[in-house]
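Protein sequence lines, in the order shown, are assigned to chains A and B.
Counting from 1, position 204 in the first sequence corresponds to residue 204 in the UniProt record's numbering; the numbering is continuous, with no gaps.
Counting from 1, position 10 in the second sequence corresponds to residue 10 in the UniProt record's numbering; the numbering is continuous, with no gaps.
The hints are simulated quantities; they were obtained by calculation from the structure and are not laboratory data.
Heads up, some of the hints might be wrong.
[As the list claims (entries may be wrong)] Simulated crosslink set (SDA-like; lysine to any residue; CA at most 20 angstroms straight-line):
id, chain 1, residue 1, chain 2, residue 2
1, A, Lys197, B, Phe22
2, B, Lys98, A, Trp52
3, B, Lys97, A, Arg213
4, B, Lys97, A, Ala212
5, B, Lys98, A, Gly209
6, A, Lys29, A, Val289
7, B, Lys98, A, Ala212
8, B, Lys314, B, Lys282
9, B, Lys138, A, Arg214
10, A, Lys72, A, Arg98
11, A, Lys197, B, Ala111
12, A, Lys197, B, Glu74
13, A, Lys197, B, Tyr73
14, B, Lys97, A, Arg214
15, A, Lys197, B, Met117
16, A, Lys197, B, Gln110
17, B, Lys97, A, Arg206
18, B, Lys98, B, Gly49
19, B, Lys98, A, Ile215
20, A, Lys197, B, Pro291
[What the hints assert, rightly or not] Which bits of chain A does chain B cover? Going by a derived footprint, with three or more residues having C-beta under 8 angstroms, they are:
id, region
21, 83-89
22, 196-204
23, 218-232
[As the list claims (entries may be wrong)] Not the full set, but computed from the structure, chain B residues with beta-carbon under 7 angstroms of chain A:
id, residue
24, Arg30
25, Leu70
26, Val101
27, Asp108
28, Ala111
29, Ser112
30, Leu113
31, Arg116
32, Pro126
33, Glu129
34, Thr131
35, Leu133
36, Phe155
37, Tyr159
38, Phe161
39, Lys293
Don't be surprised by glycine CBs; every beta carbon is placed ideally from N, CA and C.
Next come the chains, spelled out residue by residue.
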Amino acid sequence: MTDTSAAPIKLEKPRSQWRDVWVQFRQHKGAMVALVLLCVMAAFVLIGPLIWRIDPNFIDPDPVKMIRLRNKGPSWDHPMGTDQIGRDILARMMFGGRISLAVATVAMLVAIFIGTTVGVLAGYFRRIDGLLMRLTDMFLALPLLPLLLVMMFLFRDAAAKVLGPSMGTFLLIVLAIGVTSWMHSARIVRGEVLALKEREYVLAARSIGTPARRIILRHILPNVLSPVLVAATLGIAAAIITESVLSFLGLGFPPDFPTWGRLLYDGVDAIRTYPERVVWPGIAISLTVLCVNYIGDGLRDALDPRIRGR
Amino acid sequence: MLDAQGTAAAPLVQVSNLKMYFPIYTGLLRRHTGDVKAVDDVSFTIRAGETLGLVGESGCGKSTVGRAILRLYEPTAGRVVIDGDDIPALAPEALRKKRPVMQMVFQDPQASLNPRMTVADIIGEPLDEHTNLTGQEKLARIYELMDQVGLNRAFANRYPFAFSGGQRQRIGIARALALNPRFIVCDEPIAALDVSIQAQVVNLLEDLQDRLGLTYLFISHDLSMVRHIADRVAVMYLGQIAEISPRDDLYANPLHPYAEALLSAVPEPDPNGAARQRIILKGDVPSPANPPKGCNFCTRCPKVMPVCREIEPKLAEAAPGRMVACHLINPIPSTG
Numbered sequence: 001m002t003d004t005s006a007a008p009i010k011l012e013k014p015r016s017q018w019r020d021v022w023v024q025f026r027q028h029k030g031a032m033v034a035l036v037l038l039c040v041m042a043a044f045v046l047i048g049p050l051i052w053r054i055d056p057n058f059i060d061p062d063p064v065k066m067i068r069l070r071n072k073g074p075s076w077d078h079p080m081g082t083d084q085i086g087r088d089i090l091a092r093m094m095f096g097g098r099i100s101l102a103v104a105t106v107a108m109l110v111a112i113f114i115g116t117t118v119g120v121l122a123g124y125f126r127r128i129d130g131l132l133m134r135l136t137d138m139f140l141a142l143p144l145l146p147l148l149l150v151m152m153f154l155f156r157d158a159a160a161k162v163l164g165p166s167m168g169t170f171l172l173i174v175l176a177i178g179v180t181s182w183m184h185s186a187r188i189v190r191g192e193v194l195a196l197k198e199r200e201y202v203l204a205a206r207s208i209g210t211p212a213r214r215i216i217l218r219h220i221l222p223n224v225l226s227p228v229l230v231a232a233t234l235g236i237a238a239a240i241i242t243e244s245v246l247s248f249l250g251l252g253f254p255p256d257f258p259t260w261g262r263l264l265y266d267g268v269d270a271i272r273t274y275p276e277r278v279v280w281p282g283i284a285i286s287l288t289v290l291c292v293n294y295i296g297d298g299l300r301d302a303l304d305p306r307i308r309g310r
Numbered sequence: 001m002l003d004a005q006g007t008a009a010a011p012l013v014q015v016s017n018l019k020m021y022f023p024i025y026t027g028l029l030r031r032h033t034g035d036v037k038a039v040d041d042v043s044f045t046i047r048a049g050e051t052l053g054l055v056g057e058s059g060c061g062k063s064t065v066g067r068a069i070l071r072l073y074e075p076t077a078g079r080v081v082i083d084g085d086d087i088p089a090l091a092p093e094a095l096r097k098k099r100p101v102m103q104m105v106f107q108d109p110q111a112s113l114n115p116r117m118t119v120a121d122i123i124g125e126p127l128d129e130h131t132n133l134t135g136q137e138k139l140a141r142i143y144e145l146m147d148q149v150g151l152n153r154a155f156a157n158r159y160p161f162a163f164s165g166g167q168r169q170r171i172g173i174a175r176a177l178a179l180n181p182r183f184i185v186c187d188e189p190i191a192a193l194d195v196s197i198q199a200q201v202v203n204l205l206e207d208l209q210d211r212l213g214l215t216y217l218f219i220s221h222d223l224s225m226v227r228h229i230a231d232r233v234a235v236m237y238l239g240q241i242a243e244i245s246p247r248d249d250l251y252a253n254p255l256h257p258y259a260e261a262l263l264s265a266v267p268e269p270d271p272n273g274a275a276r277q278r279i280i281l282k283g284d285v286p287s288p289a290n291p292p293k294g295c296n297f298c299t300r301c302p303k304v305m306p307v308c309r310e311i312e313p314k315l316a317e318a319a320p321g322r323m324v325a326c327h328l329i330n331p332i333p334s335t336g
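Construct the entire structure; sequences and hints are all you get.
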């Protein structure tokens, strides 16, 4: 400690604000529950397959057995039942979750990264504002689904050749979803930046001689965090659904590759006779979205010093 | 207090013919159709250790002058020489190196502090940008600055929302002092504070001036406060300087009709005192995008003469140390 002699109160060293953030985050009950639930889901899809060792694509080679195993309800052998060709749904949920969660997270990160970058640059630098916002408008005006389909159609084989079939498809899907869903966050961020850069503390930073890049990192980005977090939580849900749409149209992962969205679509055919097949992936998707939403909410509160103080 | 004539201190700040026009674009093609002449041909000097008060009504360009001097706006034309360097002509990196000499205290202490940074981070930002202090040295300097402006050291970890307006303004002053500047532009530093706090902040500014030898450009619309702190006072009207005079001369005997009207509006603390003649101006301030042809004040001047509507008066010496831009005070040599 330096110079504690002058002050009667013991001086605290300026501390990292991340500890305060964590302390405040723990105050938010919804966010803590959501964080625990999301960890449970992550464990379910990551560790689950190591315990529940049934191949999600296993179809009994004996036709008689296979037909007997079809469309079973929940039992000890298959806690979530089996599907129309006798595959274990629990195992498929676990494997599907890996893909869905990975795609959703990475695609959301890509979208938020592009969106925030474009938004901040457009808002802060007036010269490139017009150009970047017209680009954003152009992307918004494009019919996204056909664009996605064309992208997948054109690049799938090339990507698969370089990175292997599953990794290539994964990367392509993630990029495709990211590149087609950044526009809304870019617009939100640009609007916020336009307002923020006229604030006096940004002017004060300029009068100190802080270069533009550090003004952006130190003063602008932390203050546009809440709209970005909201956009991010919504983006995760959208990414899961978009991925399943692509899989459904036969241009995502191969048909025998389970993902939550894929399971949902497969289950829709039999929704009257076997509603649980829609319910399982539906619950998983909704729960993920809800958890991410609550965590985002808690994080936003925890990062705002005005709320953190009390 | 310094008097205008009595000292021979060299000018620290020399502003000549400063113009700040904001372009107006209209029509479908966004053609440049005119300018808002926020600051139009302003010249003055400030000597080292002096306080120049800059007064005028809202929207007359006071703050724009302050910001253009520090090149927070790019001036349209003119020279601003601060401590030997022409600020508008500096290259970006040279300007960055020059920044420590000149700092600014802002009007709204709420808006001028980043709500997501602690006091230590806010005061430390200039140190991060311009020095290579170690963490310990930086902390020691931050504590020293907090002592200087009268903030408790224990507040270093708090966020701006936790402070009152006066304390926030002290944080802003500490940030401006961090790099040992010579010249500080105080852009209405007391306008957003209540009266008891105003006195504290102004006394702090005076105290710092005595101890650190600072030079201030004190922008304000509070004439009594300017009378208290300034050595010389410049009165602005519609982007131009109407009169620059030593404080006592101006308050005793304003020469420019606008300065006279402005000073007659200062509230009198003693209700039983001699009733003063209040000069009430009629009409509105003309638009700075389309100022009158002659004197900017001719539309509202109670002593307007025909010549005022034709020829723009230039700022000229009317008495020793007093500069006035008015045909009444400085009649133009008759040319026929």
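* To do: Report the numbers of all earlier hints that the structure fails to satisfy, in ascending order.
  => Numbers 2, 8, 10, 20, 21, 24, 26, 34, 35, 36, 39, in rising order.
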